[in-house]
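Residue numbers (my numbering), protein chains in the order written: chain A, 1 to 330; chain B, 1 to 330; chain C, 1 to 257; chain D, 1 to 257.
Hints listed in this document are in silico derivations from the structure and should not be mistaken for laboratory results. Even for Gly, the Cβ is constructed at its ideal location relative to N, Cα and C. Hints are not guaranteed to be accurate.
Stated by the list, open to error - Computed footprint of chain C on chain A; a stretch qualifies when at least three of its residues, placed anywhere within it, have a C-beta under 8 Å from a C-beta of chain C:
hint	segment
1	94–104
2	159–168
3	188–202
4	213–224
5	266–279
6	304–311
Said to hold, decoys possible - Distance condition first, Cα-Cα at most 25 Å in a straight line; then the derived DSS-like pairs of lysine-lysine:
hint	chain 1	residue 1	chain 2	residue 2
7	B	K177	A	K219
8	D	K168	B	K177
9	D	K155	D	K168
10	A	K219	A	K26
11	C	K155	C	K168
12	B	K26	A	K26
13	A	K177	C	K149
14	B	K219	B	K26
15	B	K219	A	K177
Okay, here's what each chain looks like letter by letter:
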Amino acid sequence: MGENPRAGEFFCAPDPDGLRDFLRRKPRDLIAKVTSAREAIARFVHDGDYLATGGFGTNRIPVALLHEVVRQRRRHLGFAGHTATHDCQILVAGDCLDRCDVAYVVGLEARGLSLTARRAFESGRVQAREWSNGALAWRYKAAAMGLPFLPARVMLGTDTFAFSGCWEITCPYTGMKLAALPALSPDVALIHVQRADEYGNAQIDGITVADLDLARAAKHVVISTERLIPNELIRREPQRTAIPYFCVDAVVEVRYGGYPGNVAYEYFSDEEHLREWLAVEQDPDAFRAFLDRHIFGVPDFQAYLALRGGETRLAQLRAEEMLDGPREGA
Amino acid sequence: MGENPRAGEFFCAPDPDGLRDFLRRKPRDLIAKVTSAREAIARFVHDGDYLATGGFGTNRIPVALLHEVVRQRRRHLGFAGHTATHDCQILVAGDCLDRCDVAYVVGLEARGLSLTARRAFESGRVQAREWSNGALAWRYKAAAMGLPFLPARVMLGTDTFAFSGCWEITCPYTGMKLAALPALSPDVALIHVQRADEYGNAQIDGITVADLDLARAAKHVVISTERLIPNELIRREPQRTAIPYFCVDAVVEVRYGGYPGNVAYEYFSDEEHLREWLAVEQDPDAFRAFLDRHIFGVPDFQAYLALRGGETRLAQLRAEEMLDGPREGA
Amino acid sequence: MDGYSQTELMICAAARELEDGRTVVVGTGAPCAAAMLAQRLWAPNLIVMFEAGGLGPLLPTMPISVGDSRTFHRAIMAASMTEIMELCQRGGADYTFLGAGQIDAYGNINSTLIGADYSRPRVRFPGAGGANDLGSLCWRTLVMTLHDKRRFVEKLDFLTTPGFLTGKGAREAAGLPPGTGPYRVITDLCVLGYDPRTCRMRVESLHTRVTVARVQENTGFALSFLEPLAETPPPSAEELRVLRQEVDPYRYVIGRT
Amino acid sequence: MDGYSQTELMICAAARELEDGRTVVVGTGAPCAAAMLAQRLWAPNLIVMFEAGGLGPLLPTMPISVGDSRTFHRAIMAASMTEIMELCQRGGADYTFLGAGQIDAYGNINSTLIGADYSRPRVRFPGAGGANDLGSLCWRTLVMTLHDKRRFVEKLDFLTTPGFLTGKGAREAAGLPPGTGPYRVITDLCVLGYDPRTCRMRVESLHTRVTVARVQENTGFALSFLEPLAETPPPSAEELRVLRQEVDPYRYVIGRT
Numbered sequence: 001m002g003e004n005p006r007a008g009e010f011f012c013a014p015d016p017d018g019l020r021d022f023l024r025r026k027p028r029d030l031i032a033k034v035t036s037a038r039e040a041i042a043r044f045v046h047d048g049d050y051l052a053t054g055g056f057g058t059n060r061i062p063v064a065l066l067h068e069v070v071r072q073r074r075r076h077l078g079f080a081g082h083t084a085t086h087d088c089q090i091l092v093a094g095d096c097l098d099r100c101d102v103a104y105v106v107g108l109e110a111r112g113l114s115l116t117a118r119r120a121f122e123s124g125r126v127q128a129r130e131w132s133n134g135a136l137a138w139r140y141k142a143a144a145m146g147l148p149f150l151p152a153r154v155m156l157g158t159d160t161f162a163f164s165g166c167w168e169i170t171c172p173y174t175g176m177k178l179a180a181l182p183a184l185s186p187d188v189a190l191i192h193v194q195r196a197d198e199y200g201n202a203q204i205d206g207i208t209v210a211d212l213d214l215a216r217a218a219k220h221v222v223i224s225t226e227r228l229i230p231n232e233l234i235r236r237e238p239q240r241t242a243i244p245y246f247c248v249d250a251v252v253e254v255r256y257g258g259y260p261g262n263v264a265y266e267y268f269s270d271e272e273h274l275r276e277w278l279a280v281e282q283d284p285d286a287f288r289a290f291l292d293r294h295i296f297g298v299p300d301f302q303a304y305l306a307l308r309g310g311e312t313r314l315a316q317l318r319a320e321e322m323l324d325g326p327r328e329g330a
Numbered sequence: 001m002g003e004n005p006r007a008g009e010f011f012c013a014p015d016p017d018g019l020r021d022f023l024r025r026k027p028r029d030l031i032a033k034v035t036s037a038r039e040a041i042a043r044f045v046h047d048g049d050y051l052a053t054g055g056f057g058t059n060r061i062p063v064a065l066l067h068e069v070v071r072q073r074r075r076h077l078g079f080a081g082h083t084a085t086h087d088c089q090i091l092v093a094g095d096c097l098d099r100c101d102v103a104y105v106v107g108l109e110a111r112g113l114s115l116t117a118r119r120a121f122e123s124g125r126v127q128a129r130e131w132s133n134g135a136l137a138w139r140y141k142a143a144a145m146g147l148p149f150l151p152a153r154v155m156l157g158t159d160t161f162a163f164s165g166c167w168e169i170t171c172p173y174t175g176m177k178l179a180a181l182p183a184l185s186p187d188v189a190l191i192h193v194q195r196a197d198e199y200g201n202a203q204i205d206g207i208t209v210a211d212l213d214l215a216r217a218a219k220h221v222v223i224s225t226e227r228l229i230p231n232e233l234i235r236r237e238p239q240r241t242a243i244p245y246f247c248v249d250a251v252v253e254v255r256y257g258g259y260p261g262n263v264a265y266e267y268f269s270d271e272e273h274l275r276e277w278l279a280v281e282q283d284p285d286a287f288r289a290f291l292d293r294h295i296f297g298v299p300d301f302q303a304y305l306a307l308r309g310g311e312t313r314l315a316q317l318r319a320e321e322m323l324d325g326p327r328e329g330a
Numbered sequence: 001m002d003g004y005s006q007t008e009l010m011i012c013a014a015a016r017e018l019e020d021g022r023t024v025v026v027g028t029g030a031p032c033a034a035a036m037l038a039q040r041l042w043a044p045n046l047i048v049m050f051e052a053g054g055l056g057p058l059l060p061t062m063p064i065s066v067g068d069s070r071t072f073h074r075a076i077m078a079a080s081m082t083e084i085m086e087l088c089q090r091g092g093a094d095y096t097f098l099g100a101g102q103i104d105a106y107g108n109i110n111s112t113l114i115g116a117d118y119s120r121p122r123v124r125f126p127g128a129g130g131a132n133d134l135g136s137l138c139w140r141t142l143v144m145t146l147h148d149k150r151r152f153v154e155k156l157d158f159l160t161t162p163g164f165l166t167g168k169g170a171r172e173a174a175g176l177p178p179g180t181g182p183y184r185v186i187t188d189l190c191v192l193g194y195d196p197r198t199c200r201m202r203v204e205s206l207h208t209r210v211t212v213a214r215v216q217e218n219t220g221f222a223l224s225f226l227e228p229l230a231e232t233p234p235p236s237a238e239e240l241r242v243l244r245q246e247v248d249p250y251r252y253v254i255g256r257t
Numbered sequence: 001m002d003g004y005s006q007t008e009l010m011i012c013a014a015a016r017e018l019e020d021g022r023t024v025v026v027g028t029g030a031p032c033a034a035a036m037l038a039q040r041l042w043a044p045n046l047i048v049m050f051e052a053g054g055l056g057p058l059l060p061t062m063p064i065s066v067g068d069s070r071t072f073h074r075a076i077m078a079a080s081m082t083e084i085m086e087l088c089q090r091g092g093a094d095y096t097f098l099g100a101g102q103i104d105a106y107g108n109i110n111s112t113l114i115g116a117d118y119s120r121p122r123v124r125f126p127g128a129g130g131a132n133d134l135g136s137l138c139w140r141t142l143v144m145t146l147h148d149k150r151r152f153v154e155k156l157d158f159l160t161t162p163g164f165l166t167g168k169g170a171r172e173a174a175g176l177p178p179g180t181g182p183y184r185v186i187t188d189l190c191v192l193g194y195d196p197r198t199c200r201m202r203v204e205s206l207h208t209r210v211t212v213a214r215v216q217e218n219t220g221f222a223l224s225f226l227e228p229l230a231e232t233p234p235p236s237a238e239e240l241r242v243l244r245q246e247v248d249p250y251r252y253v254i255g256r257t
């Protein structure tokens, strides 16, 4: 496909010394950080910020926080498209993004493509750079390690590499060629977890995807949690702490905050609603009405859940997660 | 102190492609690997091998396995001296080592220095290269990641750097100077854990030190475990798996296998015995008799434990670990 | 259709490529079904991994997402993406399955876009996802795809995931780990491998009643054909029974009849 | 001795350097006691970390090893060495305490060997341990050591852990993170800082009844003295009470009387 004219330039450039200075000033007191989704997004997500989300597409994603970003009409965000499926779909629907580091976007895995998201990228309204999922995960890890880059053996020889802006380096010992993946330290990360205490110490059940590194790499972290737990429970099992409190700026308790996605050991994804999202995007007017009804027209996430069937529907999804509910066709 | 004439040469050189070929051939079947300490050491530790131990000096170290290495009179081993205290002391006492990547050796933290270990290094009988604890941990991590090196911001500007053999590199994006830490893939790692199943899936309670990376970096891994557990318990909490089975070659069940060290939530260190080790080294004849009695003269680790007071003493150390036993003076 | 669908045939053909005691990184759908089928028939120690972190699950049902809770149900390990990718990078992943928007003669894959202008693509696809990582790092890459001229192209619009790049030695020259690369392509018409001298795609067996001419007509580049050219063994009764009753009883992947 | 020992004085002086709401990486012994004292008196939110992985424990008693189970007793996190070192590398560790076999005017430390021949040292010490990492990466490095000419030397036999290296700007030129470096040296005679213009050690306060001459006599390089030169405030009754009754009731560190 040719060369990327902007090699060496990134939407979010590596700056370990800048991150060090930022983290030096970041408070480390054990103080309560519990707040509402509205307040957390108002304080920590600003127009133009570079945003990243935890989880994996439709699994343990911070949907309640993302709705709030849309509801507050944030604009010109950068975004880390690290298997971003329903999360990316929400942000594009809200017209929040203007640039995106792409590893996986516009699709919802086997469920199909989001027409709105496709159009945003095809029209150039959202600028893109290309990466792989591993590369973005390692970019977080580089920042979490306090490094400017990590070497890796992926993307080499491809247009993905050319359109990432990455450079190659040579190993001083073996002479091997390596991709130098630049550290990625988002302005703010939104991460959904099963449990957190009021300070932000968080436990995650099941796969952690890239969230441990993301939480350490980001300048600000907003946690949404299925439930608040006492600090004493954190201290009882200190090796279960996935994210330590000093990474975290705000803690929001939102039961079912990952709906319609899957949250492990809590509830399965609402495939019916995800299909509805994809289908309604085919008609722009219907989609506007859909967004008005589900996001702009409700005061908070609980009202959205109520529209989706509330406790009745959620109980079905809980049963399905526990493998004793009805099996839906995919 | 001048320059290291052997810059770029290492006791265990980075070779990711070699490790890939080795791991490609390593079996991945879920087969039972339970064996005795004697058999595990006989099969997986050979004269001249490069050896590494898990844990941290006197904490969760594989003492039963190390005694067996000494008892089988292995010679010319290389060793990763990553806060190696009592573990290093045992190997030097057995005259097993002839080269060592040093981060911390010859001392037992505040307890004092091992005279035997000092003499081994001072006489040149054990050759040394210098590293930091962080550097050795990252060298394991580099190998575990399948990389030839990891950049880091340590050792720079020091004699430690000059006598490591490391080279500097420059970040292509920021121009920062970095130490290029060469990947370290030991021939064999000995790691003590609280629980493992017959296949080698291991759970670790408390701090993991560098063991997760070490287990993934090493070509062969021998696990000693306080207790065997059914595979079903591993699968019940899959995120508690610290070391997956395919890294592991042999599993040895040895209750109190970390004695006289501390194993978290199991038993505290036997400070009296550790002091006895240090004291007896002052007299070479007495030390030979001590080793004959405690290692060469016993058939296995259970006999060593019996010599040290057996269940009575171990019950005291368990009580001390649970914080309801007597507090000893340090 | 002789009592089986093209999807069922592809899954059975793919499953036969998987040896016991090896690791395979899969996505959802047909590749996952192939791995589950192999596990049940001859590869009980085949370890299935998912790029999001699931390692060695006892799959209770077909996952919907590569990261959903089925992917680590009663697993050996519920890990992270870096855990899986680093395992692949250090040589621990034997097989992977990829899909393909476009694929060329060297097994290079496009899953990024259609069009000539990167900043204004005609069609935007999801992107590299984990495919670039897995196609770079796993020992043997298998592709499952429908066989038509829009997919099997002379020149990709965008090279997302490396196959053999420009031919023999090109992967190694680019820095990719030696000995890795494309292994099989399983389509609704045939099973393809690669000519070891040229690293170009080569038909190794034709599915029942498919002709050489039909395969070439549906391929946008010149193919070679292994001689003698075998017929892909059709699914056995046992394979079909296990696939339909145990692997995919809700017919998520093999479809409603 | 006015009712307190030199060790008690050093611990109290060290504790006063630690602000609340910050992180400190400590070893066992006096530094750990200083951190625990500060926590109990004015820094309840001072987070103590240990290089082996303990992060924010509620220390039930003085640890014996940097990795023993006390170091993560009821901790915020029982982590790994890389977790702690990477936290330091990305700028999250405010203070660290190091010991010193030898220390020079720029705060460079030798804990590796005595002698001129690396391959045959006269005395082998343990080595860099975590000291090089912490002295490279933490914002402020404090040293606690006895004050004598064998330790405070003009030239180190081996530069294990970086202080200011050869002076102003040398750390940054070597690639170490800007803004980090030696901060205080607390001895049995005085408290030293560093002259910001030269980066050489400077006495900031003398302990009670210690003279300038005595400090210089026990130092192998030329010192400067802050003007006016303060007297180190002796331990308060409250500090001593908490140190003796709560921090170290078994007198592991402050010693038997």
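Outcome of the hint check:
{"no.": "1", "hint": "94–104", "result": "holds (count 3)"}
{"no.": "2", "hint": "159–168", "result": "holds (count 4)"}
{"no.": "3", "hint": "188–202", "result": "violated (count 0)"}
{"no.": "4", "hint": "213–224", "result": "violated (count 1)"}
{"no.": "5", "hint": "266–279", "result": "holds (count 3)"}
{"no.": "6", "hint": "304–311", "result": "violated (count 0)"}
{"no.": "7", "hint": "K177(B) with K219(A)", "result": "holds (24 Å)"}
{"no.": "8", "hint": "K168(D) with K177(B)", "result": "holds (18 Å)"}
{"no.": "9", "hint": "K155(D) with K168(D)", "result": "holds (18 Å)"}
{"no.": "10", "hint": "K219(A) with K26(A)", "result": "holds (9 Å)"}
{"no.": "11", "hint": "K155(C) with K168(C)", "result": "holds (18 Å)"}
{"no.": "12", "hint": "K26(B) with K26(A)", "result": "violated (46 Å)"}
{"no.": "13", "hint": "K177(A) with K149(C)", "result": "violated (35 Å)"}
{"no.": "14", "hint": "K219(B) with K26(B)", "result": "holds (9 Å)"}
{"no.": "15", "hint": "K219(B) with K177(A)", "result": "holds (24 Å)"}
Going down the numbered hints, you'll see the structure goes against 3, 4, 6, 12, 13, while the others check out.
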